[in-house]
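S.K.: Based on the provided sequences and hints, a complete structural model is requested.
Protein chains: 2
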Amino acid sequence: MDEHLYPYSHLSRFAKEIFLKIGCPEEHATTAVNSLLRADLRGIDSHGVARLSGYVRLWEAKRVNSQPNIRIVHESPSTAVVDGDSGLGLVVAPQAMEIAINKAKQVGTGWVAVKNSNHFGIAGHHAMMALPHDMIGMAMTNASPLVAPTFSVERLLGTNPIAVAIPAGSQPPFVADFATTTAANGKLEILQRKEREAPLGWIQKKNGAASTNPNELKEGGALIPLGSDREHGSHKGFCLGAWVDIFSAVLSGANYGPWVPPFVSFLAPPADPVGEGIGHFFGAMRVDAFRPADEFKKHMDNWIERFRSAKTVDGETGVIIPGDPEREFETERMKNGIPLNAKVVADLREVAAKFQVQFDSSISAHP
Amino acid sequence: MDEHLYPYSHLSRFAKEIFLKIGCPEEHATTAVNSLLRADLRGIDSHGVARLSGYVRLWEAKRVNSQPNIRIVHESPSTAVVDGDSGLGLVVAPQAMEIAINKAKQVGTGWVAVKNSNHFGIAGHHAMMALPHDMIGMAMTNASPLVAPTFSVERLLGTNPIAVAIPAGSQPPFVADFATTTAANGKLEILQRKEREAPLGWIQKKNGAASTNPNELKEGGALIPLGSDREHGSHKGFCLGAWVDIFSAVLSGANYGPWVPPFVSFLAPPADPVGEGIGHFFGAMRVDAFRPADEFKKHMDNWIERFRSAKTVDGETGVIIPGDPEREFETERMKNGIPLNAKVVADLREVAAKFQVQFDSSISAHP
Numbered sequence: 108m109d110e111h112l113y114p115y116s117h118l119s120r121f122a123k124e125i126f127l128k129i130g131c132p133e134e135h136a137t138t139a140v141n142s143l144l145r146a147d148l149r150g151i152d153s154h155g156v157a158r159l160s161g162y163v164r165l166w167e168a169k170r171v172n173s174q175p176n177i178r179i180v181h182e183s184p185s186t187a188v189v190d191g192d193s194g195l196g197l198v199v200a201p202q203a204m205e206i207a208i209n210k211a212k213q214v215g216t217g218w219v220a221v222k223n224s225n226h227f228g229i230a231g232h233h234a235m236m237a238l239p240h241d242m243i244g245m246a247m248t249n250a251s252p253l254v255a256p257t258f259s260v261e262r263l264l265g266t267n268p269i270a271v272a273i274p275a276g277s278q279p280p281f282v283a284d285f286a287t288t289t290a291a292n293g294k295l296e297i298l299q300r301k302e303r304e305a306p307l308g309w310i311q312k313k314n315g316a317a318s319t320n321p322n323e324l325k326e327g328g329a330l331i332p333l334g335s336d337r338e339h340g341s342h343k344g345f346c347l348g349a350w351v352d353i354f355s356a357v358l359s360g361a362n363y364g365p366w367v368p369p370f371v372s373f374l375a376p377p378a379d380p381v382g383e384g385i386g387h388f389f390g391a392m393r394v395d396a397f398r399p400a401d402e403f404k405k406h407m408d409n410w411i412e413r414f415r416s417a418k419t420v421d422g423e424t425g426v427i428i429p430g431d432p433e434r435e436f437e438t439e440r441m442k443n444g445i446p447l448n449a450k451v452v453a454d455l456r457e458v459a460a461k462f463q464v465q466f467d468s469s470i471s472a473h474p
Numbered sequence: 108m109d110e111h112l113y114p115y116s117h118l119s120r121f122a123k124e125i126f127l128k129i130g131c132p133e134e135h136a137t138t139a140v141n142s143l144l145r146a147d148l149r150g151i152d153s154h155g156v157a158r159l160s161g162y163v164r165l166w167e168a169k170r171v172n173s174q175p176n177i178r179i180v181h182e183s184p185s186t187a188v189v190d191g192d193s194g195l196g197l198v199v200a201p202q203a204m205e206i207a208i209n210k211a212k213q214v215g216t217g218w219v220a221v222k223n224s225n226h227f228g229i230a231g232h233h234a235m236m237a238l239p240h241d242m243i244g245m246a247m248t249n250a251s252p253l254v255a256p257t258f259s260v261e262r263l264l265g266t267n268p269i270a271v272a273i274p275a276g277s278q279p280p281f282v283a284d285f286a287t288t289t290a291a292n293g294k295l296e297i298l299q300r301k302e303r304e305a306p307l308g309w310i311q312k313k314n315g316a317a318s319t320n321p322n323e324l325k326e327g328g329a330l331i332p333l334g335s336d337r338e339h340g341s342h343k344g345f346c347l348g349a350w351v352d353i354f355s356a357v358l359s360g361a362n363y364g365p366w367v368p369p370f371v372s373f374l375a376p377p378a379d380p381v382g383e384g385i386g387h388f389f390g391a392m393r394v395d396a397f398r399p400a401d402e403f404k405k406h407m408d409n410w411i412e413r414f415r416s417a418k419t420v421d422g423e424t425g426v427i428i429p430g431d432p433e434r435e436f437e438t439e440r441m442k443n444g445i446p447l448n449a450k451v452v453a454d455l456r457e458v459a460a461k462f463q464v465q466f467d468s469s470i471s472a473h474p
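In order, the protein sequences belong to chains U and Y.
This note's numbering puts the first residue of the first sequence at 108, with every later residue one more than the last.
This note's numbering puts the first residue of the second sequence at 108, with every later residue one more than the last.
Do not take every clue at face value.
Stated by the list, open to error - Over the 10 Å line for every Cβ pair with chain U, so calculated as not near, a few chain Y residues:
1. L112
2. R120
3. L127
4. D152
5. A168
6. N172
7. I177
8. P239
9. Q299
10. E302
11. E304
12. K325
13. Q463
14. F466
Unchecked claim - No farther apart than 25 Å at their CA atoms in a straight line, the calculated lysine to aspartate or glutamate pairs in the DMTMM-like style are these:
15. U:K312 <-> Y:E423
16. Y:K405 <-> Y:E435
17. U:K418 <-> Y:D336
18. U:K404 <-> U:E205
Worth flagging that the hints you see were computed from the coordinates, not collected in a lab.
C-beta atoms are modelled at their ideal positions from N, C-alpha and C, and glycine is treated no differently.
M.R.: Below is the structure:
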């Protein structure tokens with residue numbers, strides 16, 4: 108595929124200019140860029156600058172408010188509900204996570220449900236905000252309904268990811284961040300670009316029959332909950348997706364299930380909303396609310412080392428500790444640049460032209 | 108299979124006598140019976156009275172303390188660590204969940220990690236304790252290492268279940284309770300009894316190769332994390348199992364990963380423990396710490412009704428709401444009795460003889 112490398116600083120400056128152009132205050136624009144580009148750095152290309160034009164279109168459709176009044180509308184010492192005021196999830200989510208962290212400082216843990224928000228980028232980025240505070244961070248969100256529960260032909264859930272970030276001592280942190288489906292939508296997009304078939308167990312047709320066509324969702328097909336089929340536990344994947352949906356949206360007052368407004372601006376949100384915007388859920392737990400942080404981290408190091416050194420099946424180099432591949436991507440891409448394919452670059456050039464901002468491809472790191 | 112039905116009252120009286128015989132105080136014996144038999148009532152036969160003799164053997168091996176001093180050893184307004192003093196998990200877990208509920212009454216949520224415990228029965232029972240308080244309940248536990256992380260041939264995790272219980276209004280509550288593996292160990296036991304093969308994707312051989320032999324674990328084989336293989340997301344199942352292990356044991360100071368003491372008394376615990384006993388983690392969240400409980404429940408009803416009425420694939424009657432099958436079992440078995448197969452009855456008769464207690468099969472509900 109035709110790919111070029113772009114330095115982080117270049118993409119970050121460009122994305123910030125765009126967020127300023129749609130009216131974001133300076134501070135919000137910086138927060139949004141940090142959330143968005145974290146996906147590119149960590150190798151989750153589907154959630155990074157490739158989506159910048161999508162956010163712009165949501166703003167053009169007046170579904171994103173670039174100057175939101177993000178505020179707490181209900182709270183207890185360890186909880187809060189935040190109204191995102193239709194802001195960018197990229198901005199709303201870090202503010203809500205900050206509230207969770209502050210609650211945890213006060214009473215040991217903090218739990219924040221968010222309504223009236225939009226797509227928040229990658230869950231892991233928000234969960235990881237807890238790490239420098241010696242806290243465990245959690246983040247989840249509901250998303251556009253593209254997933255059929257076990258036995259359903261209707262698409263009632265999103266890929267509803269869960270992220271859990273856990274600090275360690277000399278080892279890097281444990282950072283799990285995964286869609287609660289067998290495969291995330293981004294994996295299908297890669298197959299579409301490569302014109303390859305999907306494995307059985309990822310997708311079903313409109314009538315519920317098995318499919319290997321990565322374009323099946325455009326025909327009314329659906330993604331499948333983690334587990335692939337009933338015999339292999341897809342009802343557990345459904346439980347996970349449902350849990351995320353309820354914590355994110357029923358607790359907060361956002362739209363849930365099939366009422367979640369779609370990310371793509373060309374699909375109108377349901378005419379009969381059951382709440383406001385999409386929902387997220389965040390948690391922060393102070394490690395020393397359970398045991399001294401040093402003790403905890405020493406055992407996390409031991410946990411990680413034991414699992415990393417497990418004896419593997421022939422041909423595999425090791426058990427992958429959650430967060431390892433993404434961290435390696437982050438180091439490498441921060442140094443060498445972020446690869447963007449021609450389609451994404453063309454899309455960004457279009458955004459650039461729309462706002463009369465320069466997207467100078469000549470400064471790509473490695474042509 | 109040779110099965111007879113036994114009334115709940117009969118099994119409950121019998122199990123209580125046994126717990127008293129091993130030295131449990133009256134109140135603990137009642138709590139233990141409620142935890143244990145809830146599994147039989149809810150149709151999770153592998154975790155009910157079928158395990159009574161296993162608990163007795165752990166007590167005989169001096170691995171269970173029947174008169175534990177269960178106490179908080181560390182706390183903050185929203186958290187606690189509980190030392191189970193080697194007590195029965197069946198007793199320790201409800202006490203820890205009670206602490207979580209009391210914390211939630213005070214500050215909105217309560218989170219309790221437990222060390223120095225034993226097998227706690229079914230996670231769902233403990234999570235459901237939150238429901239009458241209009242709270243969301245969560246329960247997880249680590250367990251005997253029988254699961255190989257993706258790419259590993261070593262067994263480093265247990266089936267590490269997660270339960271989430273969420274109250275509704277006119278609808279029954281949402282109660283998810285699932286092992287984080289493709290199949291739980293109890294499913295293998297059923298196949299062993301029926302002398303049938305397991306589906307591919309549940310088990311691997313000692314060298315990591317695929318297996319359909321339900322007895323493979325006795326040969327050094329392993330259960331597989333939810334997802335079955337890397338292509339279908341087994342690394343996500345590994346993330347889930349790891350998360351449960353870390354919350355249950357690294358936060359509390361219990362044994363984690365391969366150091367978890369095995370449930371069966373004929374296998375000695377590892378000689379180099381990294382903590383005390385096995386670990387659990389509990390959570391309770393007051394719904395009205397997020398939004399008025401009536402509002403929440405009205406939307407939960409709507410959520411459940413929408414999912415329950417989803418259009419299904421041909422031949423299926425509906426999407427199964429988590430908790431529905433178990434609740435139906437509970438109603439039916441409370442009325443008609445609990446089916447026990449001949450092997451379990453023989454085992455209970457042996458326990459009865461050992462303690463000179465009567466296990467009168469003549470009062471079985473339906474011979």
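S.K.: Now tell me, hint by hint, if it's right for this structure.
M.R.: Okay, the hints, checked on the actual structure:
1. Distance check for L112 of chain Y against chain U: the nearest CB is about 27 Å away, which clears 10 Å, and the non-interface claim stands.
2. Residue placement check: R120 of chain Y keeps its beta carbon more than 10 Å from all beta carbons of chain U (closest about 34 Å).
3. For L127 of chain Y, the shortest C-beta to C-beta distance to chain U comes to about 34 Å, beyond the 10 Å cut-off, and the non-interface label holds.
4. For D152 of chain Y, the non-interface assignment is confirmed: its Cβ lies about 18 Å from the closest Cβ of chain U, beyond the 10 Å cut-off.
5. Consistency note on A168 of chain Y: stated as away from chain U, and its beta-carbon is indeed over 10 Å from all of that chain's, at 26 Å minimum.
6. Its beta-carbon lying about 22 Å from the closest one in chain U, N172 of chain Y satisfies the requirement of being farther than 10 Å from that chain.
7. Chain U leaves I177 of chain Y outside its interface by the beta-carbon criterion, the shortest separation being 17 Å against a cut-off of 10 Å.
8. Non-interface call for P239 of chain Y relative to chain U: holds, since the shortest CB-CB distance, roughly 19 Å, exceeds 10 Å.
9. The beta carbon of Q299 of chain Y sits about 17 Å from the closest Cβ of chain U, which is more than 10 Å, so the claim that it is off the interface holds.
10. Remark: the non-interface label on E302 of chain Y is consistent with the geometry, its nearest Cβ contact in chain U lying 19 Å away (cut-off 10 Å).
11. For E304 of chain Y, the non-interface assignment is confirmed: its Cβ lies about 12 Å from the closest Cβ of chain U, beyond the 10 Å cut-off.
12. Every Cβ of chain U is farther than 10 Å from the Cβ of K325 of chain Y; the closest lies at roughly 19 Å, confirming the non-interface assignment.
13. Every C-beta of chain U lies more than 10 Å from that of Q463 of chain Y, the closest at about 43 Å, which supports listing it as non-interface.
14. Every beta carbon of chain U lies more than 10 Å from that of F466 of chain Y, the smallest distance being close to 35 Å; the non-interface claim holds.
15. As the CA atoms of K312 of chain U and E423 of chain Y are separated by approximately 16 Å, the hinted pair is consistent with the 25 Å bound.
16. Note on K405 of chain Y and E435 of chain Y: the hinted pairing holds, with a Cα-Cα distance of about 23 Å set against a maximum of 25 Å.
17. Between the alpha carbons of K418 of chain U and D336 of chain Y the distance comes to roughly 17 Å, so the proposed pair stays at or under 25 Å and holds.
18. Of the pairs offered as hints, the one joining K404 of chain U and E205 of chain U holds, with about 22 Å between alpha carbons and a cut-off of 25 Å not exceeded.
Checked against the numbered hints listed earlier, the structure breaks none of them; every hint is satisfied.
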